[in-house]
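Protein sequence lines correspond, in order, to chains A and B.
The first sequence: position 213 = 213 (the working numbering), numbered continuously.
The second sequence: position 242 = 242 (the working numbering), numbered continuously.
Hints in this document: simulated from the structure, not taken from any laboratory.
Among the hints, a few may not be true.
Which copy is meant is left open, so a pair is good if it fits within one copy or across any two.
[Stated by the list, open to error] Taking lysine-lysine pairs in the DSS-like style, the calculated list, with each CA pair at most 25 angstroms apart, reads: (1) Lys93 - Lys44; (2) Lys129 - Lys230; (3) Lys317 - Lys28; (4) Lys284 - Lys167; (5) Lys2 - Lys325; (6) Lys279 - Lys7.
Protein chains: 2
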Amino acid sequence: MKKLINKPEDVVNEELEGLALAFPDIVKVNFSPNFVYRADAPVKGKVAVISGGGSGHEPMHGGFVGKGMLDAACPGQVFTSPTPDQMYEAAKKVHSGEGILFIVKNYSGDIMNFDMAADLAKGDGIEVKSVIIDDDVAVQNSLYTQGRRGVGTTVLTEKIVGAAAEKGYSLEKLAELAKKVNGNGRSMGMALTSCTVPMAGKPTFELAEDEMEIGIGIHGEPGRERMKLKTADEITEILADAVINDLPFKAGDEVLAFVNSMGGTPDIELFILYRKLHKILDLKGIKIVRKLIGRYITSLEMQGASITLLKLDEEMKELWDEPVKTPGLRWGI
Amino acid sequence: MKKLINKPEDVVNEELEGLALAFPDIVKVNFSPNFVYRADAPVKGKVAVISGGGSGHEPMHGGFVGKGMLDAACPGQVFTSPTPDQMYEAAKKVHSGEGILFIVKNYSGDIMNFDMAADLAKGDGIEVKSVIIDDDVAVQNSLYTQGRRGVGTTVLTEKIVGAAAEKGYSLEKLAELAKKVNGNGRSMGMALTSCTVPMAGKPTFELAEDEMEIGIGIHGEPGRERMKLKTADEITEILADAVINDLPFKAGDEVLAFVNSMGGTPDIELFILYRKLHKILDLKGIKIVRKLIGRYITSLEMQGASITLLKLDEEMKELWDEPVKTPGLRWGI
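The following block holds chain A by itself, in its conformation from the complex (with noise of 0.2 angstroms):
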């Protein structure tokens, strides 16, 4: 296993220490349990956002937190689920008395701990609504999941809920547009090579030299269809099919086209994918009118893509526009 790592055992708390050494301005982190929450916590009048979920998929969501997205963010261990201790505590240091919005990507586990967490703050007189994620159109159920995965539509919902929680939405309001946003958003992805679990030491899967994973999940859990290696331009035929079909995206749509990468697919492989991808959509009268690109939500070093669309109305656009400043996303401030 080659990494730059430590002891296996410590990459998470390390890398939680480094986060908060280089963005004391930004974040604070709490250690046992473990959380990242805004420096400036909890903001007065604002419903805080929190998500979580098992690291390894950096900057989510440690990185995204910060003013215009997270109040806190809850890692787990690589790959999996944090604790109800964690978001319980996290809820009880960022709430400012508006109440609490928790955004869960759809994996038993997560699901499973984030209600637990859910009761426990109920418990203590705060208010918590939580909204799942499943965009995922790979699979219908998978290793980890009854219903879709959660993957890239995460991101956007979170800095779009994030903007409208700094601009004072309520709780209520929170949850109904966290969940336009998942139902507007739908992705799939695909890898070239596996990633390496620190703990586990070795691949956590092997695909030949010529071989693919269409349709893989963020753990390297399996997709639709393991296949001999296409051109870039058909990949992302395969993948940006998948994803239109899905919704439908249809002409007029005015969409977010979010080209990730899966943590070590770089920069110029992730532009010849966002130009076919663009003339796909242009050919469709489907017109991009925002983009993010780059590696948002990975799976350490593993190579692959993955493509999310997120059809836009006047609202979402507003609020992806909104300033927002965070380790992992920052524009406007």
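Guided by the hints, dock chain B onto chain A, whose structure is given.
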């Protein structure tokens, strides 16, 4: 070769097409000869700042074109110097009458071709100055270099000088500033894995499962030493010691700490390096007052990292904080 590409010979052009489609508000792309330039160029009353070099280091340089950074960038083929006509045509396109500053990484091909472009532009009556970046402490001469190679400090120079150009610095003052940044910046990198140049189709070099290369160049060219894999803390010490002792950086210095992924190394590992770097500097009384952490000067999908330290003064700090809006670096706008 596992990459998200179409034909190897189309990689650079297709990437540039994608970049132009993704950021039409920030950049335009000229083909034959290839260069990326500010959508609003020429910017009246401003010295134009141009850089360039082989592709494969994205976001550098094309991703750094935009308000507050570069006016144009000239990408060669992957790991290959751009040709003089690229810089010459770019210079004519972005020149507003105030002169041109070339920021050139110290590689023999780049130096020669930027020199020829400068002569061509001067022949047209355009005033041109060139500043060479040679901050890599790993080796004195190298495969492609007389003297030290230019690496991480290039990114920092482009940001700081770009901000100064925006503020109306004269060509002479900009050239002085660029030399000051280069004179105060030092870098060293290392690799866990090789990368594969698309046209070559096979890894540039081989490293055994338990080996790493210290002092690697950004084209995979040899560094100081091939050695057994060490822990992240030990690797950080090796890189930091070489960088600190070279300038040397001393107690009381205020620095910008730049922890950069070679491409394939994910955020989670960069923060582990940053954590150790912070501790090393802290013990020496060197204070990190600005930081940059991520993938900014890469070697395709290579796994590895580099550390750059830049000794700051008030001028550099203020210019670093100025707004920037490019595809690859953005804040304040």
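With 25 angstroms as the alpha-carbon cut-off, assign the pair Lys93 and Lys44 to within, between, both or neither.
within (12 angstroms within a copy, 50 angstroms between copies)
Within a copy, between copies, both or neither: where do Lys129 and Lys230 come within 25 angstroms Cα-Cα?
neither (43 angstroms within a copy, 46 angstroms between copies)
One pair to classify: Lys284 and Lys167, alpha carbons no more than 25 angstroms apart. Within, between, both, or neither?
The answer is neither: 35 angstroms in one copy and 44 angstroms across copies each exceed 25 angstroms.
Since the copies are identical, ignore which copy is meant and state whether Lys2 and Lys325 lie within 25 angstroms (CA to CA) inside a copy, between copies, both or neither.
neither (32 angstroms within a copy, 35 angstroms between copies)
Quick one: Lys317 to Lys28, C-alpha cut-off 25 angstroms, is that within a copy, between copies, both, or neither?
So Lys317 and Lys28 pass the 25 angstroms test across copies only (24 angstroms; inside, 30 angstroms).
When no copy is named, should Lys279 and Lys7 be tagged within, between, both, or neither for a Cα gap of at most 25 angstroms?
between (46 angstroms within a copy, 18 angstroms between copies)
Consistency with the previously given hints fails for numbers 2, 4 and 5, ordered from lowest to highest.
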